[in-house]
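S.K.: Given next are the chains, with one letter for each unit.
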Amino acid sequence: MNAPTRVPAKGQPFDLNRRGFLAVAGGAGLGLMIGLRATPAGAAAGPVRFNPFVKVAPDGAVTVIVKHLDKGQGVATGLATIVAEEMDADWATIRTEFAPANPELYANLAFKAQGTGGSTSIANSWDQYRTAAATARAALVKAAADEWKVPVGEIKVESGVISHPSGKKGSFGQFADKAGAAPEPVAAPQAPQFKDPKDYRLIGKEGVHRVDNDAKTDGTAIYTQDLKFPGMLVAVVAHPPKFGAKPKSFDDAETKKVKGVERVVQIPTGVAVLAKSTWAAIKGRNALKVEWDETGAETRGSEAMLAACREAVAKPGVATATNAGDAEGALKGAAKVIEADFAFPYLAHAAMEPLNACVELKDGAVKITTGAQFQSIDLAVASQVAGVPMDKVTIDTVWAGGSFGRRAVPNSDYIAEAITIAKASGLTTPIKLVWTREDDMKGGYYRPMYAHKVKAAIGPDGMPVAWHHRIAGQSIMTGTAMEAMLVKDGVDDTSVEGASNLAYAVPNLKVELTTIKTGVPVLWWRSVGHTHTAHAVESVIDELAYAAGKDPVEYRLALLKDKPRHTAALKLAAEKADWKGPQSLGKGKGRGVAVHESFASYVAQIVDVSIQGDGSVKVDRVVAAIDCGLVVNPDVVRSQIEGGVGYGLGAALRNAITLADGEVEQGNFDSYEPLRITDMPKVEVHMVPSGEKPTGVGEPGVPPLAPALANAIFAATGKRVRDLPLGDQKFTSA
Amino acid sequence: MIKLKVNGEVRTVDVEDDTPLLWVLRDEIGLTGTKFGCGVAQCGACTVHMDGQPVRSCLTSVADVGDSEIVTIEGLVGANASKEAQAVQAAWRALDVVQCGYCQSGQMMSAAALLTENKKPTDEDIDAAMSGNVCRCATYVRIRAAIHDASRRLEA
Ligand code: FES
Ligand code: FES
Numbered sequence: 001m002n003a004p005t006r007v008p009a010k011g012q013p014f015d016l017n018r019r020g021f022l023a024v025a026g027g028a029g030l031g032l033m034i035g036l037r038a039t040p041a042g043a044a045a046g047p048v049r050f051n052p053f054v055k056v057a058p059d060g061a062v063t064v065i066v067k068h069l070d071k072g073q074g075v076a077t078g079l080a081t082i083v084a085e086e087m088d089a090d091w092a093t094i095r096t097e098f099a100p101a102n103p104e105l106y107a108n109l110a111f112k113a114q115g116t117g118g119s120t121s122i123a124n125s126w127d128q129y130r131t132a133a134a135t136a137r138a139a140l141v142k143a144a145a146d147e148w149k150v151p152v153g154e155i156k157v158e159s160g161v162i163s164h165p166s167g168k169k170g171s172f173g174q175f176a177d178k179a180g181a182a183p184e185p186v187a188a189p190q191a192p193q194f195k196d197p198k199d200y201r202l203i204g205k206e207g208v209h210r211v212d213n214d215a216k217t218d219g220t221a222i223y224t225q226d227l228k229f230p231g232m233l234v235a236v237v238a239h240p241p242k243f244g245a246k247p248k249s250f251d252d253a254e255t256k257k258v259k260g261v262e263r264v265v266q267i268p269t270g271v272a273v274l275a276k277s278t279w280a281a282i283k284g285r286n287a288l289k290v291e292w293d294e295t296g297a298e299t300r301g302s303e304a305m306l307a308a309c310r311e312a313v314a315k316p317g318v319a320t321a322t323n324a325g326d327a328e329g330a331l332k333g334a335a336k337v338i339e340a341d342f343a344f345p346y347l348a349h350a351a352m353e354p355l356n357a358c359v360e361l362k363d364g365a366v367k368i369t370t371g372a373q374f375q376s377i378d379l380a381v382a383s384q385v386a387g388v389p390m391d392k393v394t395i396d397t398v399w400a401g402g403s404f405g406r407r408a409v410p411n412s413d414y415i416a417e418a419i420t421i422a423k424a425s426g427l428t429t430p431i432k433l434v435w436t437r438e439d440d441m442k443g444g445y446y447r448p449m450y451a452h453k454v455k456a457a458i459g460p461d462g463m464p465v466a467w468h469h470r471i472a473g474q475s476i477m478t479g480t481a482m483e484a485m486l487v488k489d490g491v492d493d494t495s496v497e498g499a500s501n502l503a504y505a506v507p508n509l510k511v512e513l514t515t516i517k518t519g520v521p522v523l524w525w526r527s528v529g530h531t532h533t534a535h536a537v538e539s540v541i542d543e544l545a546y547a548a549g550k551d552p553v554e555y556r557l558a559l560l561k562d563k564p565r566h567t568a569a570l571k572l573a574a575e576k577a578d579w580k581g582p583q584s585l586g587k588g589k590g591r592g593v594a595v596h597e598s599f600a601s602y603v604a605q606i607v608d609v610s611i612q613g614d615g616s617v618k619v620d621r622v623v624a625a626i627d628c629g630l631v632v633n634p635d636v637v638r639s640q641i642e643g644g645v646g647y648g649l650g651a652a653l654r655n656a657i658t659l660a661d662g663e664v665e666q667g668n669f670d671s672y673e674p675l676r677i678t679d680m681p682k683v684e685v686h687m688v689p690s691g692e693k694p695t696g697v698g699e700p701g702v703p704p705l706a707p708a709l710a711n712a713i714f715a716a717t718g719k720r721v722r723d724l725p726l727g728d729q730k731f732t733s734a
Numbered sequence: 001m002i003k004l005k006v007n008g009e010v011r012t013v014d015v016e017d018d019t020p021l022l023w024v025l026r027d028e029i030g031l032t033g034t035k036f037g038c039g040v041a042q043c044g045a046c047t048v049h050m051d052g053q054p055v056r057s058c059l060t061s062v063a064d065v066g067d068s069e070i071v072t073i074e075g076l077v078g079a080n081a082s083k084e085a086q087a088v089q090a091a092w093r094a095l096d097v098v099q100c101g102y103c104q105s106g107q108m109m110s111a112a113a114l115l116t117e118n119k120k121p122t123d124e125d126i127d128a129a130m131s132g133n134v135c136r137c138a139t140y141v142r143i144r145a146a147i148h149d150a151s152r153r154l155e156a
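From first to last, the protein sequence lines stand for chains A and B.
The numbering of the first sequence is full-length UniProt numbering, which starts it at 1 and goes up by one.
The numbering of the second sequence is full-length UniProt numbering, which starts it at 1 and goes up by one.
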């Protein structure tokens, strides 16, 4: 744990333009301010902190402070690449370190709070990290110029080496201390001159390996699950079988007999067993007998909940998200109308590392170590739950074994539970809360269940004249700190995003929403609302293309005339896939297409399927094209799209969380069968060349997959797949 | 007291007989490269070698290990590792297979075991040998490619 010795006040978003930051950023100012320089300026020392984002060690190692959680999406590599490029550092000397929780310094500029999500990490950090790097570079150059008594302008920097035409030469490390300790801090220019992209050696280039490649290949990377502190106890909790139930009483006679079990404590979310080892805690938990108070618990099954959603979309929506022209009127007089109903189940994130968090409550302070994804909220929740002021809470972030959204929770459920246990136990030793796979799977915070109903009509020329879209399901944002920002006039934007802003040119568009309430906690899940809206939109547009007798790619392009970035992605995918129509691969095979914008990135996918002898569907190949603006690391972009395809495919093929009488029916990977290597198609990823600012890649690969798959199945079989997942449906070739 | 042979070293641990090897490795011996993903032999994150064979350590009780040689991801690294292990390590790095990385120890244990049995696996061989190893980040495309790459390295 390497938390700063003094944590500055929290709560204020860090503003890059605020006077002061830039003035001191080049010198030791902030380094001293946040107390990370252990030794006085000038003394031989460890790394010198130039600003909140860059440290340089005497041996030349450049450490990039990563303000975002890396849960596999490669943001540590991305931010390191940006810094190394702008500093002209040697890539081999780059290290990364997760930033402590400190929203003043490390806010996500898109949220004005410290947190990772919405595929914003690179986008919001782009100018900030370039500025930090340019400033550190300027300070190093100035230190060298002063020592050599030459003008700054004559100095060159290449791969961490500072040189002057006179033959003088030195490494970053050599000047780190001097630059960091300069009495007159080197101010960054108000509008820093960033490197010309044509001079890039790292950004956009192949062969820049991930910074976490080695540690995650040799098993040394440390995740929360791997933490071990002196005296630490492991906590495993018996959670109630129904959402909203609470423990009434428990019998721990058998639990106490388990060797290693130290304490059993009741908390509002269950009964926690604390033990010296993980296995003892699991065994102890399994031996508990708990009686639950189910007053106020959700007791409905998911079928009843889905029926409520379906009923809701049969009626006018409670709120209207979009209303342009007169969709209902235009539908009445239309030549051809298509009506389609869709259903989407609850989905678990099921990250590979089940949820966990390590906490220590001691001397009126809370120390948290975990794969923290929303530090601003975690700080506030921790302070409230522990009953200590916010400046007594520290969070150290470690690698997370996936998240897909689950580690960013508006009530920090898993961190709050860990602190509650520590508090209830009265112990001051570190406590590591470990959820088993079953706890994780049954623990809620799912992608909500939704129903959609779309009525769309085409005119005599085959082009759409009206689109009337109804959506019903739970709201993710209502009741959270984000409600004020994201719920307007009864519309939670995350319920309708991707549909309410339909990209296709349709003159009459109406999108309605009815928000359903259940006792099942819901949450964003990799690509949030787009997980369902893209499926409905891209399925219906495909149906309209067929109804119009047009090629599905041509039809989309015709409707995207004023959407150049959708168009470029779609054209690139079609070209690389050698698209010659949905049925061009022969009998028993089909091709499907979808294009969708999410989080300001544009992704088109073409999916090829073949129908197997037993009627099942095999996905053979996916060709994807993405426009995510300027590409920082092409291989990370490829890996995120490959991963997005796989994540979307697993869900589309067979994932669903269902409830019977309020109890989740899935528990482990045998009942929530994840995508396996045997299901994985070939994936090709192509990037649209772009000079636009970089946008996200973690989520945008997911939304087009399900509809492109469903459209491919239609091409092969003549059968539309509107409800997800496919499950064990059998198909016959058309 | 139970004696275990792990990565070529003899270790003595004081645990109950029914303790899964996974938790002995992680909590007692401190070899945390072997991961907990499901606890019921459904995900492969806990895969280790027992006398060269890939086993799920979450369902292998420590008492059943006996004299068998256990190799974990930590034993897959370095000059003492088998040549298959070294090829797998090199290929995984060359192709940047990892994303979150949590499943990858198990993936590499299964891959090294496959290559020991079969120096030149086809896609079908790979799918069959690796289907017990889940990757929620879906790095499967690269896992396949890396195993082929490791196979080429073994030929060279
Ligand atoms: S943890 Fe052993 S197979 Fe999943
Ligand atoms: S790399 Fe994340 S689960 Fe495989």
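Hints in this document: simulated from the structure, not taken from any laboratory.
Each residue gets a CB set at the ideal place from its N, CA and C atoms; glycine is no exception.
Any given hint could be a false lead.
Listed next, the in silico DSS-like pairs over lysine-lysine satisfying Cα-Cα at most 30 Å (straight line) [what the hints assert, rightly or not]:
{"no.": "1", "chain 1": "A", "residue 1": "Lys561", "chain 2": "A", "residue 2": "Lys580"}
{"no.": "2", "chain 1": "B", "residue 1": "Lys83", "chain 2": "B", "residue 2": "Lys119"}
{"no.": "3", "chain 1": "A", "residue 1": "Lys488", "chain 2": "A", "residue 2": "Lys248"}
{"no.": "4", "chain 1": "B", "residue 1": "Lys120", "chain 2": "A", "residue 2": "Lys228"}
{"no.": "5", "chain 1": "B", "residue 1": "Lys119", "chain 2": "A", "residue 2": "Lys618"}
{"no.": "6", "chain 1": "A", "residue 1": "Lys257", "chain 2": "A", "residue 2": "Lys455"}
{"no.": "7", "chain 1": "B", "residue 1": "Lys83", "chain 2": "B", "residue 2": "Lys120"}
{"no.": "8", "chain 1": "A", "residue 1": "Lys561", "chain 2": "A", "residue 2": "Lys336"}
{"no.": "9", "chain 1": "A", "residue 1": "Lys259", "chain 2": "A", "residue 2": "Lys248"}
{"no.": "10", "chain 1": "B", "residue 1": "Lys119", "chain 2": "A", "residue 2": "Lys682"}
{"no.": "11", "chain 1": "A", "residue 1": "Lys587", "chain 2": "A", "residue 2": "Lys719"}
{"no.": "12", "chain 1": "A", "residue 1": "Lys367", "chain 2": "A", "residue 2": "Lys423"}
{"no.": "13", "chain 1": "A", "residue 1": "Lys228", "chain 2": "B", "residue 2": "Lys5"}
{"no.": "14", "chain 1": "A", "residue 1": "Lys256", "chain 2": "A", "residue 2": "Lys289"}
{"no.": "15", "chain 1": "A", "residue 1": "Lys228", "chain 2": "A", "residue 2": "Lys168"}
{"no.": "16", "chain 1": "B", "residue 1": "Lys120", "chain 2": "A", "residue 2": "Lys276"}
{"no.": "17", "chain 1": "B", "residue 1": "Lys119", "chain 2": "A", "residue 2": "Lys256"}
{"no.": "18", "chain 1": "B", "residue 1": "Lys83", "chain 2": "A", "residue 2": "Lys682"}
{"no.": "19", "chain 1": "A", "residue 1": "Lys618", "chain 2": "B", "residue 2": "Lys120"}
{"no.": "20", "chain 1": "B", "residue 1": "Lys5", "chain 2": "A", "residue 2": "Lys682"}
{"no.": "21", "chain 1": "A", "residue 1": "Lys455", "chain 2": "A", "residue 2": "Lys332"}
{"no.": "22", "chain 1": "A", "residue 1": "Lys276", "chain 2": "B", "residue 2": "Lys3"}
{"no.": "23", "chain 1": "A", "residue 1": "Lys259", "chain 2": "B", "residue 2": "Lys120"}
{"no.": "24", "chain 1": "A", "residue 1": "Lys257", "chain 2": "B", "residue 2": "Lys120"}
{"no.": "25", "chain 1": "A", "residue 1": "Lys423", "chain 2": "A", "residue 2": "Lys242"}
{"no.": "26", "chain 1": "A", "residue 1": "Lys488", "chain 2": "A", "residue 2": "Lys112"}
{"no.": "27", "chain 1": "A", "residue 1": "Lys259", "chain 2": "B", "residue 2": "Lys3"}
{"no.": "28", "chain 1": "A", "residue 1": "Lys423", "chain 2": "A", "residue 2": "Lys455"}
What follows is a list of derived Cβ distance ranges for each label pair [said to hold, decoys possible]:
{"no.": "29", "chain 1": "B", "residue 1": "Gly8", "chain 2": "A", "residue 2": "Gly301", "range": "32 to 38 Å"}
{"no.": "30", "chain 1": "B", "residue 1": "Ser68", "chain 2": "A", "residue 2": "Lys169", "range": "55 to 61 Å"}
{"no.": "31", "chain 1": "B", "residue 1": "Ser68", "chain 2": "A", "residue 2": "Thr478", "range": "54 to 60 Å"}
{"no.": "32", "chain 1": "B", "residue 1": "Ala145", "chain 2": "A", "residue 2": "Asp661", "range": "23 to 29 Å"}
S.K.: Please go over all the hints and tell whether each is borne out by the structure.
M.R.: Each hint tested on the structure:
1. A:Lys561 <-> A:Lys580: holds (21 Å)
2. B:Lys83 <-> B:Lys119: holds (11 Å)
3. A:Lys488 <-> A:Lys248: Violated, at about 39 Å.
4. B:Lys120 <-> A:Lys228: With a Cα-Cα distance of about 40 Å, the restraint between B:Lys120 and A:Lys228 is violated, given a limit of 30 Å.
5. B:Lys119 <-> A:Lys618: Holds, at about 28 Å.
6. A:Lys257 <-> A:Lys455: Answer violated: A:Lys257 to A:Lys455 is near 63 Å, above 30 Å.
7. B:Lys83 <-> B:Lys120: holds (14 Å)
8. A:Lys561 <-> A:Lys336: holds (23 Å)
9. A:Lys259 <-> A:Lys248: Holds: A:Lys259 and A:Lys248 sit about 26 Å apart, inside 30 Å.
10. B:Lys119 <-> A:Lys682: holds (22 Å)
11. A:Lys587 <-> A:Lys719: holds (14 Å)
12. A:Lys367 <-> A:Lys423: holds (13 Å)
13. A:Lys228 <-> B:Lys5: Holds: A:Lys228 and B:Lys5 sit about 23 Å apart, inside 30 Å.
14. A:Lys256 <-> A:Lys289: holds (12 Å)
15. A:Lys228 <-> A:Lys168: violated (48 Å)
16. B:Lys120 <-> A:Lys276: violated (45 Å)
17. B:Lys119 <-> A:Lys256: violated (51 Å)
18. B:Lys83 <-> A:Lys682: holds (28 Å)
19. A:Lys618 <-> B:Lys120: holds (25 Å)
20. B:Lys5 <-> A:Lys682: Answer violated: B:Lys5 to A:Lys682 is near 40 Å, above 30 Å.
21. A:Lys455 <-> A:Lys332: holds (11 Å)
22. A:Lys276 <-> B:Lys3: holds (21 Å)
23. A:Lys259 <-> B:Lys120: violated (47 Å)
24. A:Lys257 <-> B:Lys120: It is violated: about 51 Å lies between the C-alpha atoms, which goes past 30 Å.
25. A:Lys423 <-> A:Lys242: OK: A:Lys423 and A:Lys242 at ~24 Å, within 30 Å.
26. A:Lys488 <-> A:Lys112: holds (20 Å)
27. A:Lys259 <-> B:Lys3: holds (19 Å)
28. A:Lys423 <-> A:Lys455: violated (54 Å)
29. B:Gly8 <-> A:Gly301: 32 to 38 Å: violated (54 Å)
30. B:Ser68 <-> A:Lys169: 55 to 61 Å: Since B:Ser68 and A:Lys169 have Cβ atoms about 57 Å apart, the given range 55 to 61 Å holds.
31. B:Ser68 <-> A:Thr478: 54 to 60 Å: Given about 55 Å between the Cβ atoms, the range holds.
32. B:Ala145 <-> A:Asp661: 23 to 29 Å: The hinted range 23 to 29 Å is violated for B:Ala145 and A:Asp661, with Cβ atoms some 46 Å apart.
Comparing the model with each earlier hint shows violations of hints 3, 4, 6, 15, 16, 17, 20, 23, 24, 28, 29, 32; every other hint is respected.
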